[in-house]
Amino acid sequence: MKNLFNAYRVLAIIVGVLLAFCSLVALPLKYLAPEGSDLQQFGEAASIMWVAHGWVFMIYVVVAFLLSRKAKWTPAFTILALAAGLIPLLIFWVEHKVSQRFRAEHPELVTSDAS
Amino acid sequence: MRISLVNQGIGRARTPPYDQDVPRLLAPRYWGVHLVAIVAVAVAAVLGAWQYDAWQERRAAEAVDLTRLEPIPLDDAIGPDDPFPGDKVGQPVVIEGTWVPDATVLVSGRELDGREGYWVVTPVATTRPDGPALPVVRGWTPSPDDVPAPPTGATELVGWLQPTEGTGEADPDPDDDILPQVRTADLVQRVDQDLYGAYAVVADQDGVNDGTDGLEQATLAQLPDVGRFTALRNVLYALEWWFFGAFALFVWVRWMRDETADTQTGPETHATPETDSEGEPAGTAGEGQ
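Same order as they appear, the protein sequences are chains D and R. Quick note, our numbering runs 69 ahead of the 1-based positions in the first sequence. Quick note, our numbering runs 43 ahead of the 1-based positions in the second sequence.
Calculated directly from the structure, the hints in this document are not laboratory data. Backbone N, C-alpha and C fix where the C-beta goes; we use that ideal spot for every residue, glycine too.
Sample of chain D residues lacking proximity to chain R, with all beta carbon distances greater than 12 Å (derived): (1) R78; (2) S92; (3) L93; (4) L101; (5) F161; (6) W162; (7) S168.
Heads up, simulated EDC-like pairs for lysine to aspartate or glutamate below, C-alpha to C-alpha not over 20 Å straight-line: (8) K141(D) - D301(R); (9) K166(D) - E177(D); (10) K139(D) - D301(R); (11) K99(D) - E208(R); (12) K139(D) - E302(R); (13) K141(D) - E302(R).
Let the hints inform the model, and build the full structure from the sequences given.
Structure representation (structure tokens):
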């Protein structure tokens with residue numbers, strides 16, 4: 070359970086960062102920066118990160134689902150947690166909630182220095 | 044039909060033999076769940092197939108060697124205002140028209156047998172001398188100082204049709220006649236007429252056309268790779284979609300198994316979908332730990 074929880078946190082943060090970067094940096098640059106400018110080209114090249122996001126998200130979905138079973142999340146929260154990988158920034162809040170709840174329910178599994 | 048199954052299922056829900064679980068799952072209150080699951084699986088499968096098709100199409104367009112086909116008239120392949128036809132990459136076309144020698148440019152960064160050199164590009168106006176023009180790669184030269192004078196007058200030649208380039212590479216010196224790519228935006232500043240959304244690489248080195256004199260044959264092998272990465276992206280997306288489809292299927296089957304397991308192991312009540320995942324410790328029979 071602890072390993073699953075840690076894996077979930079790491080994956081959530083990677084998915085969150087990739088999604089935030091793709092949707093809030095690469096996407097606007099690609100379409101809003103002046104055509105042919107350095108920034109626009111960077112946005113276009115950086116769009117390849119969408120593929121990375123997609124694949125990490127795939128792993129995230131599996132791990133989040135397994136965790137949802139063990140931690141007995143409500144179906145609504147499970148769906149929210151899975152969808153959070155597709156809605157920019159939401160996943161950070163979800164990860165926070167999950168961690169909060171995990172620490173509250175399993176204080177024995179959490180090391181005291183956890184931030 | 045369904046109704047009778049449902050009634051039967053509910054009636055025996057308390058102590059069902061295993062084979063009665065299937066009818067129970069067909070109860071109307073579960074129809075929404077099944078519908079969502081079926082839609083999710085179907086949508087993922089279709090989107091995956093769509094990406095897979097796109098991947099195959101791109102690969103086919105890339106892999107098919109059109110260069111040995113019979114030349115077709117340029118007009119049959121592309122009109123002056125048409126977007127580039129994706130299935131005509133490398134198609135030999137017959138280009139008739141008039142050279143526009145003043146618009147001759149060099150395109151840098153072209154290799155031939157490992158040597159860096161330049162393409163020599165002169166547009167051909169297809170209908171009238173001031174009509175729309177198609178940039179034609181006449182050949183390759185190792186040095187920009189060693190370019191034969193551009194041809195003039197009427198011409199008829201066969202060339203391999205290519206989509207214009209344009210990954211946005213900036214022209215380091217916009218004032219000279221050397222471009223980094225065969226790009227309409229740069230070329231259009233050097234002609235008075237419209238340009239096609241394509242260019243051609245001269246194919247008939249043995250033909251009777253003065254445009255290639257003094258130049259080495261530029262071949263399609265010298266073309267930069269186009270679209271390979273994008274095509275790879277398509278297949279990666281296809282795999283992702285199918286994965287999500289399989290995942291939805293897995294969750295669905297899993298849920299059905301839990302539902303039926305609940306009725307077998309849970310003596311006092313049968314779990315509703317809402318309490319299934321969240322419910323009391325004994326609720327999730329398969330996963331409890």
